[in-house]
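J.: Residue numbers (this note's numbering), protein chains in the order written: chain Z, 1 to 226; chain V, 1001 to 1311; chain U, 2001 to 2268.
I should point out that these hints are in silico values taken from the structure, not numbers from a laboratory. The reader is advised that the hints may include incorrect statements.
[What the hints assert, rightly or not] One-sided and incomplete, this derived list gives chain Z residues near chain U with beta-carbon spacing under 7 Å:
(1) 14
(2) 15
(3) 16
(4) 20
(5) 100
(6) 116
[Stated by the list, open to error] Quick list of in silico lysine to aspartate or glutamate cross-link-like pairs, DMTMM-like style, CA-CA up to 20 Å:
(7) 1255/V with 1197/V
(8) 1162/V with 2090/U
(9) 1045/V with 1197/V
(10) 1195/V with 1276/V
(11) 1162/V with 2247/U
(12) 1195/V with 1247/V
(13) 192/Z with 35/Z
(14) 1162/V with 2092/U
(15) 1195/V with 1167/V
For each residue, glycine too, the CB sits at the ideal point set by N, CA and C.
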Amino acid sequence: MITVSDLSKHFTLHNQGGTVIPVMQDAHLHVAPGECVALIGASGAGKSTLMRMIYGNYLADHGAIVVGGVDVARAAPRDILRLRRETLGYVSQFLRVVPRVATRDVVAEPLLALGVEDAVARARAEDLLARLRIPERLWGLSPTTFSGGEQQRVNIARGFAHTYPALLLDEPTASLDAANRATVLGLIEEAKASGAAILGIFHDEAARHQVCDREVDVTAFTPVAA
Amino acid sequence: MSAQTHPASGQIAQGQIAPIHTDQAYNFAYLDEETKRMIRRALLKGLAVPGYQVPFASREMPMPYGWGTGGVQVTAACLTPDDVLKVIDQGADDTTNAVSIRKFFQRTAGVATTEQTTVATVIQTRHRIPETDLSEGQILVYQVPIPEPLRFLEPRETETRKMHSLEEYGLMHVRLYEDIARHGQIATSYAYPVKVEGRYVMDPSPIPKFDNPKLSQNAAIQLFGAGREQRIYALPPYTDVVSLDFEDHPFQASKADHACDLCGSNTAYLDEVIIDDAGGRMFVCSDTDYCSTRRAQGHVGRLGTAQEHVA
Amino acid sequence: MTLHSTPKPQTAPGPLLQVRGLEKRYGSRIGCTDVSFDLFPGEVMGIVGESGSGKSTLLNCLAGHLTPDCGQVIFDTRTAGPCDTVTMGEPERRMLSRTDWAFVHQNPRDGLRMGVSAGGNVGERLMAVGARHYGNIRDHALDWLSRVEIAAERIDDRPSAFSGGMQQRLQIARNLVTGPRLVFMDEPTGGLDVSVQARLLDLLRGLVRRMGLSAVIVTHDLAVVRLLADRLMVMKDGRVVEAGLTDQVLDDPQHGYTQLLVSSVLQV
Chain Z
1 MITVSDLSKH FTLHNQGGTV IPVMQDAHLH VAPGECVALI GASGAGKSTL MRMIYGNYLA
61 DHGAIVVGGV DVARAAPRDI LRLRRETLGY VSQFLRVVPR VATRDVVAEP LLALGVEDAV
121 ARARAEDLLA RLRIPERLWG LSPTTFSGGE QQRVNIARGF AHTYPALLLD EPTASLDAAN
181 RATVLGLIEE AKASGAAILG IFHDEAARHQ VCDREVDVTA FTPVAA
Chain V
1001 MSAQTHPASG QIAQGQIAPI HTDQAYNFAY LDEETKRMIR RALLKGLAVP GYQVPFASRE
1061 MPMPYGWGTG GVQVTAACLT PDDVLKVIDQ GADDTTNAVS IRKFFQRTAG VATTEQTTVA
1121 TVIQTRHRIP ETDLSEGQIL VYQVPIPEPL RFLEPRETET RKMHSLEEYG LMHVRLYEDI
1181 ARHGQIATSY AYPVKVEGRY VMDPSPIPKF DNPKLSQNAA IQLFGAGREQ RIYALPPYTD
1241 VVSLDFEDHP FQASKADHAC DLCGSNTAYL DEVIIDDAGG RMFVCSDTDY CSTRRAQGHV
1301 GRLGTAQEHV A
Chain U
2001 MTLHSTPKPQ TAPGPLLQVR GLEKRYGSRI GCTDVSFDLF PGEVMGIVGE SGSGKSTLLN
2061 CLAGHLTPDC GQVIFDTRTA GPCDTVTMGE PERRMLSRTD WAFVHQNPRD GLRMGVSAGG
2121 NVGERLMAVG ARHYGNIRDH ALDWLSRVEI AAERIDDRPS AFSGGMQQRL QIARNLVTGP
2181 RLVFMDEPTG GLDVSVQARL LDLLRGLVRR MGLSAVIVTH DLAVVRLLAD RLMVMKDGRV
2241 VEAGLTDQVL DDPQHGYTQL LVSSVLQV
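Okay, chain Z solo, but in the shape it has when bound (with noise of 0.2 Å):
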């Protein structure tokens, strides 16, 4: 479902009197249907930039990643983004959203673009939200006032209100607590078993330990110093 072959990438700092920062060389992964692969490395060592690079948010210098059958580092615009829409999902660190929009809104988005009725997305996303244990009482609110703790959880029903095919999370149990934690792993595992490929990156070893089936060591790909 996910295959990353040869990929490098490198920072030109223009403004800086165009330092180059090489981040990247010769990364290869593969995750399966069903699987949960997990990054690790020590911070800084590229994780994110890779979950980002086959998001498309990053570009690649040279190398592959087939996602669904679309190579993310040569497809077009519009492709990226059908892909976006049905087949790859991301949930980052960070929840970035409209101003003064409803956290239900929020997390029934992925659903309207996809054109599903709005009363079954908002359904749909209130069931999410019950379960990530978000108070109702704060459903017709802007997330952007919740705690961080609360955000994230409000990021995480977002990421998966769609059932896609492919996933990406980062942190996605970062600043959770126990109880929520496990409901987090519960909802990974689910899309495990309905067949989603999963990336990780999961500073918890505990939540890595239960939900992942193997671990990539971003760090073989740090490019050597020349």
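Place chains V and U on chain Z using the hints.
T.: Structure of chains V and U alone, referenced to chain Z:
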């Protein structure tokens, strides 16, 4: 009625005033021949494209703008020495405006004048169409203040010209929409916009909407002159003229729900006249010739007195 | 003029708008040059740049307000397939801008008739394409006012009595009533209070999605473009220096100027 003279035979015909010699200082009908040619060219263009506003070089006339200079220039360009001229203002032959213009043409063109619609060959009118049906060979000249029907909603001349040339008339219906939204019905009661031969939208000059149906399929030539705005437009005989409306708010040629108090007519457009301080009022035909003709025929209204029948 | 619940558009066989080599010069000065891109149905393209970058010139060339010096703007018309709007006759282009295209001005006063009621403003485009039933026109106007969250009882009020945010929403309703497929927006949230901007952005996103609109949005505000646009073009000195997915251009800018722009944005 005053005696009338047929200029050639010396006989005085009914309703005509004898012509007097033109003032030596003026060319026939005041304007020079080149100017009259220019105006006639504009008139021909207007007749060829019914409802289209033709720009023309409006001349300085010995009356200020707003007093019918456009109509006077059109009339001047049309007059020949054999013509018989009638001038009305709001339907009446005897108001100041009508009298002044009639005297102007008597002095500068020496044409015969009349108050009888049926006898006139050229009729200059301010804001009314005569009740009596016109016939082929007659010319009706309208005085027009603002020729552009879209002006009040679209102040830019460049834009209105484009809208006419591209037939973009949605804005005209916006004006009617606003009327209905504000008054519950189309409240425009005069200068009601019309569509000519299915193409140009035209302002028929500030005639009451009651007169609009007379514009269509009229046997006479209808000419419109706006002196200050420098535009001429025209309707050749038997032209299709349709008043704009909505499907659920159709056009109605409405008038006061009364009969004329002098001649009893139920079908003529009426003026309302306050007759005392207690709110008393009477309704009289706005078209004075029409009313007097009916009274001469023996019709009597609520407040009228029987007339001696003139042989 | 189908206005009610438009189904989600299927992937169209071809682009809705194809721009090729568009250039506009002012004497020796470049307004914009060498601009080419495709826009598909349902896509929102953002154009960012600072003052003088050429983004407004580009938008006006695309929308037919300015005549470009060279290049093509090929629009997939309903009746005749892809046509170059630059060489199209003026009557057709004006008809296009009243039916299939919409233009939302930065200042709502430029896009509204201030002397006409809200209902008349919304109904004008319908009347311009032949609507002649007052009751129906009024119903459509009421429907659209509710979609842009303007109270129904304000239908007969003039826009001069509206707040800036309401005027902008009225302008949007006026433009969208004939179900256009392509919307041009020039700084749609500029000049509005910050709190009003947020509601307007969400309204625009909802309409774009529900009506399957394509849009070209010019703005200098990177936050607006991140929320509204799928794709982004960055302009500097009349040229497109970078283009791609919005989040990619903002998060992984390749060109030095884009990097400068992104790093200059103040965080709240």
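J.: Now look at each hint and say whether the structure bears it out.
T.: Status of the hints after comparison with the structure:
| no. | hint | result |
| --- | --- | --- |
| 1 | 14 | 3 Å, holds |
| 2 | 15 | 5 Å, holds |
| 3 | 16 | 9 Å, violated |
| 4 | 20 | 13 Å, violated |
| 5 | 100 | 4 Å, holds |
| 6 | 116 | 9 Å, violated |
| 7 | 1255/V with 1197/V | 26 Å, violated |
| 8 | 1162/V with 2090/U | 10 Å, holds |
| 9 | 1045/V with 1197/V | 15 Å, holds |
| 10 | 1195/V with 1276/V | 42 Å, violated |
| 11 | 1162/V with 2247/U | 44 Å, violated |
| 12 | 1195/V with 1247/V | 15 Å, holds |
| 13 | 192/Z with 35/Z | 6 Å, holds |
| 14 | 1162/V with 2092/U | 13 Å, holds |
| 15 | 1195/V with 1167/V | 11 Å, holds |
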